[in-house]
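Engineer: Residue strings, one per chain:
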Amino acid sequence: MYETSYHRAGSLAEAAQLISNADDGKFLGGGQTLLPTMKQRLAAPSDIVDLTKIPELKGIREDGGSIVIGAATTHYEVASSALLKEKIPGLAALAGGIGDPAVRHMGTLGGSIANNDPAADYPSALVALNATVATSKRSLSAEDFFVGMFETALDDDEVVVSVSFPIAQKSAYSKYPNPASRYAMAGVFVARLGDGSVRVAVTGAGQNGVFRATAMEDALSGNWSPDAVAGIEVGADDMLHDIHGSADYRSNLVTVMAKRAVAATG
Amino acid sequence: MAVEGIGARALRKEDKRFITGKGRYTDDMVLPGMGHAAFVRSPHAHARVKGIDASAALAMPGVDAVLTGDQLVGDGIGNLICGWMIHSKDGSPMNMGGWRALEPEVVRHVGQAVAVVVADTPAQARDAADAVVVDYEELPAVVDAIEALAPGAPQIHPEAAGNLIFDWEIGDEAAVEAAFDNAAHVTRMEIRNNRLVPNPMEPRAALASYDDAEEHYTLYTTSQNPHVARLVLSAFYNVAPEHKLRVIAPDVGGGFGSKIYIYPEEMVCLWASKRVGRPVKWVSDRTEAFLTDAHGRDHRSEAELALDADNRITGLRVKTIANLGAYMSLFSSSVPTYLYATLLSGQYDIPAIHANVKTVYTNTTPVDAYRGAGRPEATYLLERLMETAAREVGLSPAEFRRRNFVRSFPHQTPVIMCYDAGDYDATLDAAMKAADYDGFAARKAEAASRGKLRGIGLSCYIEACGIAPSAAVGSLGAGVGLWESAEVRVNPVGTVEVLTGSHSHGQGHETTFAQLISERFGLDTDAVSIVHGDTDKVQFGMGTYGSRSGAVGMSAIVKALDKVEAKAKKIAAHLMEAAEGDIQIEGGELKVAGTDKKLTFTEVALAAYTAHNLPDGMEPGLKEGAFYDPTNFTFPAGTYVCEVEVDPETGKTEIVNFVAADDFGKVINPMIVEGQVHGGLVQGIGQALLENASYDENGQLLTASYMDYSMPRADDVPSFKLTTHETLCPGNPLGMKGCGEAGAIGSPPAVINAITDAIGSNDLAMPASPEKVWALYRSAMREAAE
Numbered sequence: 001m002y003e004t005s006y007h008r009a010g011s012l013a014e015a016a017q018l019i020s021n022a023d024d025g026k027f028l029g030g031g032q033t034l035l036p037t038m039k040q041r042l043a044a045p046s047d048i049v050d051l052t053k054i055p056e057l058k059g060i061r062e063d064g065g066s067i068v069i070g071a072a073t074t075h076y077e078v079a080s081s082a083l084l085k086e087k088i089p090g091l092a093a094l095a096g097g098i099g100d101p102a103v104r105h106m107g108t109l110g111g112s113i114a115n116n117d118p119a120a121d122y123p124s125a126l127v128a129l130n131a132t133v134a135t136s137k138r139s140l141s142a143e144d145f146f147v148g149m150f151e152t153a154l155d156d157d158e159v160v161v162s163v164s165f166p167i168a169q170k171s172a173y174s175k176y177p178n179p180a181s182r183y184a185m186a187g188v189f190v191a192r193l194g195d196g197s198v199r200v201a202v203t204g205a206g207q208n209g210v211f212r213a214t215a216m217e218d219a220l221s222g223n224w225s226p227d228a229v230a231g232i233e234v235g236a237d238d239m240l241h242d243i244h245g246s247a248d249y250r251s252n253l254v255t256v257m258a259k260r261a262v263a264a265t266g
Numbered sequence: 001m002a003v004e005g006i007g008a009r010a011l012r013k014e015d016k017r018f019i020t021g022k023g024r025y026t027d028d029m030v031l032p033g034m035g036h037a038a039f040v041r042s043p044h045a046h047a048r049v050k051g052i053d054a055s056a057a058l059a060m061p062g063v064d065a066v067l068t069g070d071q072l073v074g075d076g077i078g079n080l081i082c083g084w085m086i087h088s089k090d091g092s093p094m095n096m097g098g099w100r101a102l103e104p105e106v107v108r109h110v111g112q113a114v115a116v117v118v119a120d121t122p123a124q125a126r127d128a129a130d131a132v133v134v135d136y137e138e139l140p141a142v143v144d145a146i147e148a149l150a151p152g153a154p155q156i157h158p159e160a161a162g163n164l165i166f167d168w169e170i171g172d173e174a175a176v177e178a179a180f181d182n183a184a185h186v187t188r189m190e191i192r193n194n195r196l197v198p199n200p201m202e203p204r205a206a207l208a209s210y211d212d213a214e215e216h217y218t219l220y221t222t223s224q225n226p227h228v229a230r231l232v233l234s235a236f237y238n239v240a241p242e243h244k245l246r247v248i249a250p251d252v253g254g255g256f257g258s259k260i261y262i263y264p265e266e267m268v269c270l271w272a273s274k275r276v277g278r279p280v281k282w283v284s285d286r287t288e289a290f291l292t293d294a295h296g297r298d299h300r301s302e303a304e305l306a307l308d309a310d311n312r313i314t315g316l317r318v319k320t321i322a323n324l325g326a327y328m329s330l331f332s333s334s335v336p337t338y339l340y341a342t343l344l345s346g347q348y349d350i351p352a353i354h355a356n357v358k359t360v361y362t363n364t365t366p367v368d369a370y371r372g373a374g375r376p377e378a379t380y381l382l383e384r385l386m387e388t389a390a391r392e393v394g395l396s397p398a399e400f401r402r403r404n405f406v407r408s409f410p411h412q413t414p415v416i417m418c419y420d421a422g423d424y425d426a427t428l429d430a431a432m433k434a435a436d437y438d439g440f441a442a443r444k445a446e447a448a449s450r451g452k453l454r455g456i457g458l459s460c461y462i463e464a465c466g467i468a469p470s471a472a473v474g475s476l477g478a479g480v481g482l483w484e485s486a487e488v489r490v491n492p493v494g495t496v497e498v499l500t501g502s503h504s505h506g507q508g509h510e511t512t513f514a515q516l517i518s519e520r521f522g523l524d525t526d527a528v529s530i531v532h533g534d535t536d537k538v539q540f541g542m543g544t545y546g547s548r549s550g551a552v553g554m555s556a557i558v559k560a561l562d563k564v565e566a567k568a569k570k571i572a573a574h575l576m577e578a579a580e581g582d583i584q585i586e587g588g589e590l591k592v593a594g595t596d597k598k599l600t601f602t603e604v605a606l607a608a609y610t611a612h613n614l615p616d617g618m619e620p621g622l623k624e625g626a627f628y629d630p631t632n633f634t635f636p637a638g639t640y641v642c643e644v645e646v647d648p649e650t651g652k653t654e655i656v657n658f659v660a661a662d663d664f665g666k667v668i669n670p671m672i673v674e675g676q677v678h679g680g681l682v683q684g685i686g687q688a689l690l691e692n693a694s695y696d697e698n699g700q701l702l703t704a705s706y707m708d709y710s711m712p713r714a715d716d717v718p719s720f721k722l723t724t725h726e727t728l729c730p731g732n733p734l735g736m737k738g739c740g741e742a743g744a745i746g747s748p749p750a751v752i753n754a755i756t757d758a759i760g761s762n763d764l765a766m767p768a769s770p771e772k773v774w775a776l777y778r779s780a781m782r783e784a785a786e
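Residue numbers (full-length UniProt numbering), protein chains in the order written: chain A, 1 to 266; chain B, 1 to 786.
Chain A with its partners taken away, still in its complex shape:
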């Protein structure tokens, strides 16, 4: 790791000030991606600004028809939330399957989505549940927030404050983990929203990060059953391919995970 200066922000205003004072500053959430990257000397920020102690970034609460989760909430807190288990069980289950226990106790929702790793789990939940991302500057729909692989709509000095997830009628997530890293090789989040509309979002498989499988959404709108998506392939054209799986294999996994996610909603 290169030398860096650590700062702990007590408020959003202080965070903005600290990052603007830095030569090459980076915001730090739970550090589960940034710190290993720095240890491997692949990133060398001059300053890191820890956001996880800012009060308005903490907590899980119900607000109208939505559940609002603070950006600094850990995966463990999401996974073990009684409120989420009741209202959006698919989201709690997704958080309970991220990484390993050490990662889940440190990693945060805001840190995960701000990084937008194409193999991360959360982006699929945000898109499938039609979530709204509240930042230090504005509100964005999930689909507008995620721009591409490791890219979001966030400005350099913009902080994710919270994510608001509308309560869904049904939700579930199924992923096929990479055998080495255990990141998703294909993760599919299926949701029937409060208004009855259906959304299916895929992570881990696509070259441009999370995407919606609209053919599957159409099929599930008329028939919410695993069989409805069993014959639908997203196609290999835009799939990732590497030593762990070809584009064809990933396309197959998307179909299989979609089936299993629908089955998991009961």
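To be clear, the hints were calculated from the coordinates, so they are not data collected in a lab. Each hint should be verified, as a subset may be incorrect.
Now the stretches of chain A that chain B is said to cover, found in silico as 3 or more residues with beta-carbon under 8 Å [unchecked claim]:
| no. | segment |
| --- | --- |
| 1 | 59-68 |
| 2 | 153-165 |
| 3 | 242-256 |
Take a look, some chain A residues computed to stay more than 12 Å from chain B by CB distance [to be verified]:
| no. | residue |
| --- | --- |
| 4 | A13 |
| 5 | K26 |
| 6 | Q40 |
| 7 | A79 |
| 8 | D100 |
| 9 | V147 |
| 10 | S197 |
| 11 | W224 |
| 12 | D237 |
We put the CB at the ideal spot given by N, CA and C, even for glycine.
Place chain B on chain A using the hints.
Structural biologist: Chain B only, in chain A's frame:
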């Protein structure tokens, strides 16, 4: 603790310090004024070094020195060598290329060191290493062994034309030819044994210091064999004379073979410590471990089995190409030859065997012994062939094996080995019973009702451990003898110290060796301590690898104990005025048979050291040493049964049951043996399902971290069912055979045989990744539909 002898499930004495974080590893060692080394490594697989500019690095804070290969060569430091001479079938010696610890001219694999920085802190050293500018001229690279042998391939070493290191053979080619001419059935396969990265939990490390006044070096390092390290460093690398070099291998966190060898980094630290005048520490990071720890396996073979009309094997023909990487590591030449082809007879009576092995240089990390070392490659080849042949001729895999088992001992195979004892029917029976083999069809049907493909696979392995009579290995090309030594010191108060040349890096010697003393003298195991891993404390020793600590190391201790016991009895007989032959040792006491006269072991020990009343002419003290040279290899053997369920939608394999029935001869501590088997099985299952060192065509290692190299985890394996059957080894005093590698040797073919049984398609290479299995099953279904 207590008196816990042979066969007791004694808890490990060493675990208190390991579990409480009190282990002392090389990186825990701190010397006053020590500096830290960081290596400048090649980013290219093959390149000419045109220049090294260290000026910017030398100007950085805390930097002491930047040392290069030219300086190393100028100081007379020798090349790294391979210590086992192999001759090609035409009689010519192997073509060994030069290997310098810091390369001044041509780098031959990604990660090879060209310079070292010594600085005050590890971070300063790393930053400065990044600032060393090396001017490389890239050269074409080749990573695949078959491509490296092809005409026009990049030439890697001038000494090895066409990249061929040697072209070796064993066995009777004409007899094999005749067997195939007369065969009723021939089974042919192409078999690949995938390249693995050893991944011990503790990466390699070294802390070297030089005492200017005494002209004496000390090296703390992660070694499985510190005496061999000292010998090689002094005799071949010219770093320091043997009596001026102390090598200490303190607690070492796993080796699996990868810490047998002397690597560039450790010897550079020694050399640099004198050059810069301060102790120098280096600790490998995980990426350096992936790039520079000797890899394992990497064979490509063609194998053919000839059967007669009764399905008895009449001949075996094997052609293997072994990838040794960019340099010949210390024992690399022995692995695909005498540790491999000599085991090709397996558990079977095969009248004619011929094997041809070509070893090849490529622009990849050097390859050497890794848990099993040659024997996993032999077992995988033979047991895949056996299962396939059984399927082809329509016999059950168990019946086909039984029909060909060796049943009378000693049994001389056509490939050097003479099996001394075994009962292969017994382990096969035990395994099939424990696996409920007869109930498999019902389980398969039940799995099918859940949409899963269930398969079962066998593997009947044999291996050779306790390597080996020194004269025998010497005649085969080994540069060292492979005996072991021990010294047993009884202290005046009756406690015992055992100095052993074996080295424990996870094997539990402090417990099992103490159990031997406990058994012999009836002493509490707490009254015994085991001393190892320091060339200043322990007389010469050969270290631990090849499952030899029990069969060879403990045999040396037994010999020393025999001498101690004889002297103790003489003293006791003298003190109690009894005949020496009437003295019995029992429960920590020396008794005169048939009387109530007795002395405690402590009283006899004290008498030996006070020397007030010893038999006439007897020297004081109670301390004896012994060297033990094995009379033969030992031959652990057994049967493994693997049962899997494959998910046809994803290709994911789940191991639902795994049975290991092993014959290790005498078992000292069943708990420790089970732990060894568990670890071996997980590494073997890792090879079969997950692990693969993957290079791109430019020689970049694609799997250089745990993000891409799939290590097996607890949830990848089932709870194993273990059983042992004991036929004693007639060749050593305790009847031990060795258990450290069996799991890694026997398990890969059992797994692949089970998966191919499940999916009904045989052409599956390791690792059986989900995608491979999925694609193979899909194409088999498509073919079946056409």
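Engineer: Take the hints in turn and mark each one as holding or not.
Structural biologist: To see whether the hints hold, each was checked on the structure:
{"no.": "1", "hint": "59-68", "result": "violated (count 0)"}
{"no.": "2", "hint": "153-165", "result": "violated (count 0)"}
{"no.": "3", "hint": "242-256", "result": "holds (count 8)"}
{"no.": "4", "hint": "A13", "result": "33 Å, holds"}
{"no.": "5", "hint": "K26", "result": "19 Å, holds"}
{"no.": "6", "hint": "Q40", "result": "7 Å, violated"}
{"no.": "7", "hint": "A79", "result": "18 Å, holds"}
{"no.": "8", "hint": "D100", "result": "9 Å, violated"}
{"no.": "9", "hint": "V147", "result": "24 Å, holds"}
{"no.": "10", "hint": "S197", "result": "28 Å, holds"}
{"no.": "11", "hint": "W224", "result": "20 Å, holds"}
{"no.": "12", "hint": "D237", "result": "18 Å, holds"}
Hints 1, 2, 6 and 8 from the list above are not met by this structure, while the remaining hints are.
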